[in-house]
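Based on the sequences and whatever the hints tell you, model everything.
Residues in the sequence shown are numbered from 1 upward in steps of one, following the numbering used here.
Warning: the hint list may mix true and false statements.
[Said to hold, decoys possible] Label-pair restraints from in silico Cβ distances:
no.: 1; residue 1: 137; residue 2: 247; range: 45 to 55 Å
no.: 2; residue 1: 21; residue 2: 44; range: 24 to 34 Å
no.: 3; residue 1: 136; residue 2: 438; range: 31 to 41 Å
no.: 4; residue 1: 44; residue 2: 462; range: 33 to 43 Å
no.: 5; residue 1: 172; residue 2: 2; range: 29 to 39 Å
Just so you know, the hints here were simulated from the structure itself, not pulled from any lab data.
Backbone N, C-alpha and C fix where the C-beta goes; we use that ideal spot for every residue, glycine too.
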Amino acid sequence: MQRSVEEALSDLEAAWQRQPERLSKQVRLEQALTTLIELQWVDGQRLPAHRDICQRLGVARNTLAGVIELLQSQHLLTTQHGRGSWSRRPDAASPLSPTTAVSLSQRAQRILSTTGASAIQSGAFVPGIPDIARFPMRRWRALYATLTVPHNALLLSYSSGGYGPLKRAIADFLRRGRGIECALEQIIITDGTHHGLELCALALADHGDRVVMDSPCYWGARNVFQATGLAISQCHWQPGAGYQDLQAMAPSPRILYLTGARHYPLSVPMPIEDKRALVEHLSPAIIIEDDYEFFDVHHRGLLFSPDDGHAILAGSFSKLMFPGLRLGYLVVPRALSGAINRVRSEVFREGRMLDQAVLAQFMADGDLDRWCRRINRAYLTRQQTLHDLLTGLPGIIDISPPAGTITLCVTLAPEIDDVRLTRYLLNHYRLVVKPLSPVCADDDPRRGLVLGIGMVEGETLERLGQQLAEGIRAFMTTR
1 MQRSVEEALS DLEAAWQRQP ERLSKQVRLE QALTTLIELQ WVDGQRLPAH
51 RDICQRLGVA RNTLAGVIEL LQSQHLLTTQ HGRGSWSRRP DAASPLSPTT
101 AVSLSQRAQR ILSTTGASAI QSGAFVPGIP DIARFPMRRW RALYATLTVP
151 HNALLLSYSS GGYGPLKRAI ADFLRRGRGI ECALEQIIIT DGTHHGLELC
201 ALALADHGDR VVMDSPCYWG ARNVFQATGL AISQCHWQPG AGYQDLQAMA
251 PSPRILYLTG ARHYPLSVPM PIEDKRALVE HLSPAIIIED DYEFFDVHHR
301 GLLFSPDDGH AILAGSFSKL MFPGLRLGYL VVPRALSGAI NRVRSEVFRE
351 GRMLDQAVLA QFMADGDLDR WCRRINRAYL TRQQTLHDLL TGLPGIIDIS
401 PPAGTITLCV TLAPEIDDVR LTRYLLNHYR LVVKPLSPVC ADDDPRRGLV
451 LGIGMVEGET LERLGQQLAE GIRAFMTTR
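See below:
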């Protein structure tokens, strides 16, 4: 139902106030309007007059104009000169005519039928998003300005196996943070972890080969393996009890995929002993360990060894720094590095040299280490706050212990429908969280909520955490 002008203004003001104040006015306005268009307003909702929006929110006309132009480019708004602007919901786009309709592939349909990346990638508790507002962007921009000079024109060309100084910086980073000593030739620069996993699947497995993952698993990795045609099996892992029903798992999969020092999405330490027991039973051809939540420079919780001819380590800077960076790395066996690099060049090509050079300098100057120490302390404080707000609520049987990462996992009683709960929180409280059950095996009854804490802090965290607690209580009374 269409909202009146005053109702739409009130909606926008409320959505604006829910955005963290540390964000710029343009970002706050963009996220507020996007949330309303995608989640609350009907398709074709007319926006209030621009001058009324500016007056109510205290923003400049050019700020609003920039947001309107951006949302138009994203097909979330339509504007007619002199008449106004109207919302355009993504799911309300006109379908293709029967003469031009093309069906999706079966693997695409399987990917879209499961819980994966949300269409909403901002908000208080969206998983997987680090604190992009506090990241030292001024320093990052300064490095770009320094490196973008005429004599660095080669940085605009294709790379050949990755930027050498970045490989050295990653080797030093792994030595300090994980106690791993690897050769530079073993490091392959990737466009993030998903790209690295896709590269491994293409280079080391054939269509129909089996990959074993945990239950619950990281949905992003599962989607990559599905898209590359691998057959997925899941093995139950229980904190404190290890892998369950190992004897029921068929041995000799092509790939065993493990998360790193901390299990994702359960966000608890992952004992090496549990991993060893699984490896000894399965005898996989390849072990990929994804160091998804890298934190605590003194932690040594990886099974990976650079001297193991069957082991690969995957890492990403997107969760450490900011998602749009899309740079990561693989550490592969020496015997495979040349071939995997050639597969990458043939299928994906290589580039992003300027981004790689900036990241290399950022790391070499110690900026990444300083950032990690500072933000890990902040994440620990935020997790403790949210942990305290949710402890003791009806239906909650466990909460992952506070740590310096961006994820908190809430385990619910198995009879609770966590998918329905997440929809309830979205529809009634405008809070975006992810359910746990869709990433569990069919015979794994666990239910839960996966929460991100990267985008919220201080009084805003207290307020929205209280709303989250209130929403969970209210949902329990409606069951």
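Hints and how they fare:
| no. | hint | in the structure |
| --- | --- | --- |
| 1 | 137 <-> 247: 45 to 55 Å | holds (52 Å) |
| 2 | 21 <-> 44: 24 to 34 Å | holds (31 Å) |
| 3 | 136 <-> 438: 31 to 41 Å | holds (36 Å) |
| 4 | 44 <-> 462: 33 to 43 Å | holds (37 Å) |
| 5 | 172 <-> 2: 29 to 39 Å | violated (58 Å) |
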